[in-house]
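Enquirer: Modelling step: build the complete structure from the supplied sequences, incorporating the hints.
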Amino acid sequence: MRYLPKSPADREAMLKAIGVRSMDDLFAPIPAEYRLSGDLNIPRQMAESEIVDWFKLRAKENAEGYTSFLGAGAYFHYRPVIIDALVQRGEFLTSYTPYQAEFAQGTLQAIFEFQTMISELTGMDLANASMYDGSTGAAEAVMMACRITGRSGAVIARSVHPEYREVLSTYATHQGIPVKTIGFAESGRIDAKELQQAVTDQTACVLIQSPNFFGTVEDVEAAAEIAHAKGALLVVSIAEAASLGIIEPPRTADIVSMEAQSFGVPLGFGGPYCGVLATKEKFVRQMPGRLAGQTVDKKGKRGFVLTLATREQHIRREKATSNICTNQALVALMVNIFMTVYGKVGLRELAKQNLAKAAYAADQFGKQAKVLFGGAPRFNEFVVQTSEDPYAINSRLLGHKIVGGLPLERLYPELGHAALWCCTELTTRSMIDTAVGLVAESERAVRSMKEAEEEVTL
Amino acid sequence: MKHMTRKATRHISQNENLIFEKSSPGKAAWRLPPLDVPEVDAAKLLGKQERKDLGDLPEVSEIEIIRHFTRLSTWNYAIDLGMFPLGSCTMKYNPRVNEFVSRIEGLANGHPYQPMKISQGALRIIKTLSECLIEITGMDAITLQPAAGAHGELTGLLMVRAYHESKGNPRKKVLIPDSAHGTNPATAAMVGYAVENLKSNERGMVDVAALAAQMNEDVAALMVTNPNTLGVFEQEIHKIAELMHAKGGLLYMDGANMNALVGKARPGEFGVDVMHLNLHKTFSTPHGGGGPGSGPVAVKKILEPFLPKPTVISKPDGTLAFDYDRPQSVGRVRAFYGNFGMFIRALAYIFANGPDGLRQTTEDAVLNANYIRKGLEGVYDLPYDTPSMHEVVFSDKIQSKKGVRTMDLAKRLIDYGFHPYTTAFPLIVSGALMIEPTESEPKEELDLFIEAMKSMAEEVEEDAQFVLEAPHNTRVSRLDETQAARKPVLRWRPEHP
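If you read the sequences in order, they're chains U and F. With this note's numbering applied, the first sequence corresponds to residues 1 to 458, in that order. With this note's numbering applied, the second sequence corresponds to residues 1 to 497, in that order.
Take the hints with a grain of salt, since some may be wrong.
Here are the simulated EDC-like pairs of lysine to aspartate or glutamate, each with C-alpha atoms no more than 20 Å apart in a straight line [to be verified]: (1) U:K6 to F:E21; (2) U:K319 to F:E196; (3) F:K309 to U:E166; (4) F:K117 to U:E64; (5) U:K352 to F:D53; (6) F:K239 to F:D207; (7) F:K117 to U:E409; (8) F:K374 to U:D10; (9) F:K309 to U:E409; (10) F:K117 to U:E61; (11) F:K48 to F:E16; (12) F:K44 to U:E349; (13) U:K16 to F:E451; (14) F:K397 to F:E377; (15) U:K301 to F:E21; (16) F:K487 to U:D125; (17) U:K352 to F:E39; (18) F:K402 to F:E458; (19) F:K374 to U:D24; (20) U:K16 to F:E196.
Derived by calculation from the structure, the hints in this document are not laboratory data.
Expert: Put into structure tokens, the structure is as follows:
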């Protein structure tokens, strides 16, 4: 076996040194009836070339070469090549959680820089070292709000990513956190009146997403006012991190839960991604997850350590803020490098291109079909309502090697034949024009069919 | 320097400031293509929602970024540099072909919502890995959705709860041995269970008599790690399972130490009802400085209806699809389908090994741990002389007489060019040194480690103060953790306001 660094003679010598006759002696602690006698029924040992071929075949079955208008919590942005060059350095890739600080200053300083940039981008005082993803991060943020307020109810907007809401419901069920859901108004934003009615002095927090699932930018300040008036916290979930380059961050929120996948993390069929929590300074001791902090060594030299560990499971056990242990460190490093590459000016220009592409596309789609939620600003996603079922339109688009917008019928049946379209800096004008052309054809076909039907009835 | 071994030599490493301290306006490491659609007026589109300033984000060039992160990387220790004997963490070699195949276009760029028709490759990977892991664990069904080990525990206990609820009573308690990892009790609390401690016996195993006394119809499950955190196989595991099942309880196995069992024994055969695996331990996906992980949960038939949704099913036409129609499911524990990139890596590892390679891997892991145990017996105190599987736990009993504790020894071990073992865990051993070499170490590296550990023990006798002041050879000396926690500085801020 090519990963095992021992010759048969080494093994013999070691067995002899230990004082046993055979390998079987070492496994004697396992009762004989549970010791496997034969081979596991799994594929035989493969050569590296065979492994590569097997996965290349899977990639071929998996839509290689398609471009897409899909977003909905997973965004296709350009990834600068230096990201993979740097994260594949063995000293990052094959190191452990930096508990032994003197031997892990590289990882620790990188986390400290990550925490700084995330705080800056989200408009919060500080951020943690990462959470699994945006969905579990949002659920943890709600639990954190419950600990801070000593209350147990949550109010959540229906315009939060449907899968984030499902995860919250899984987490909340056994913590005794009742969850109330509020709807959206014609603008696509949360229904402020409904929110006002839903928030009581039992509410721990209000959870909204901005830009929300439909791509609409919420009025965070208004939501914060409503929540704060009743002593509740405002948690803002951000699924499209790139929006922060051009959209005002949710400064009036108390906790921000962000999915940072947009920043240099491959789509990878849904993971691994990079969640992160950011919050106000006064709430830090209720925050879950690892934190790197600055300190000095014995000679007064600057260094970094993991800190405030008394929040964590390895110290507090059942009284910890969360059970989280392993996080998304290497993915956070990708995010870190991405933020460093684009920086203060680039992130704004990148966001501006996204804004321009989506504005153009929404404009073009709007000439052929109905683009919903025009009453509020949006970032890079929008909802298009068509006469025909979007699945049918999408299957024609597939013929052009284009994946159309996400049909919303299963998630939001009240929107009818609607789909969520996303444009990033990688979406080309010709892709947009092709998609709009097919939607136009579809609309024309439905119209002429209707006219034909009307003629028959006449 | 006192005793030094042949393992490491001091060498120059570059200093490097925070990236913010290198920033100056006008430097850039990016360029966007020309916009092929009309420019927009952000102020007009966004109104008061337009962001004008990105604060203290850096402005630097590409070469500076390359040097910045490369320099930082050289301050880390890593498996690629040498032995990383952290107990219960299974720091094994992370094969590079895993990284290569996970970056193949089409897998790396697959969108989680792309139509099933063009997702067959990804679904096939999920299905194949699921089948392999079911075979390896001897269980009946599996979910790959959990993002890490602790997340797997959460998922497993949610299923335990759903199972008991389906019988009319969720029950109140989860039993957890005092040797368990901290995530176990923290997880039980998240699922709404009270935690009841279970004492270990004098051999470091679950005290079966105590379990019999504590087990009743209020207990939902026992969470046991096997081999446990002492590296000891729970020899009465079947009795433990019988005791649990007789009173309607379930047996949860924390699979953190599965590297001692793969290809040699299957938890499904010794009475385990539900267990999680850590793909980033047993199945070689990289730890990456703390993550990402992946924590699949395997279950017996009785728990299958409660698996998170969606699951992957084969359709009559032979294609694969996600199944969302699972009325008894505990729901979703994560958006999308889990850390898919880790599935690719774990499957590549299984392919590279095959049944014979996996068995040999486990054998070598156990061989290495026992070789270290033999080499250090008498030099360090062995609190439990029960046979070791893949890891061995010593204590600092001998050295603490000179005032040197496990953490001090760990810091001195750094000077010798090794990453420390796990310190002060499990909690049932005072001053524990928990050593897990994994199968990835050649005999020469193990000999160097034993030599270093012995040399350190001599230093304690000769000059304890020298060891207490370690590390001596690192970029920074021992860091002030108290100050870090008392007045937390968790981000950089510019010096002038």
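Enquirer: Against the earlier hints, flag every one the structure doesn't satisfy and list their numbers going up.
Expert: 1, 11 and 20
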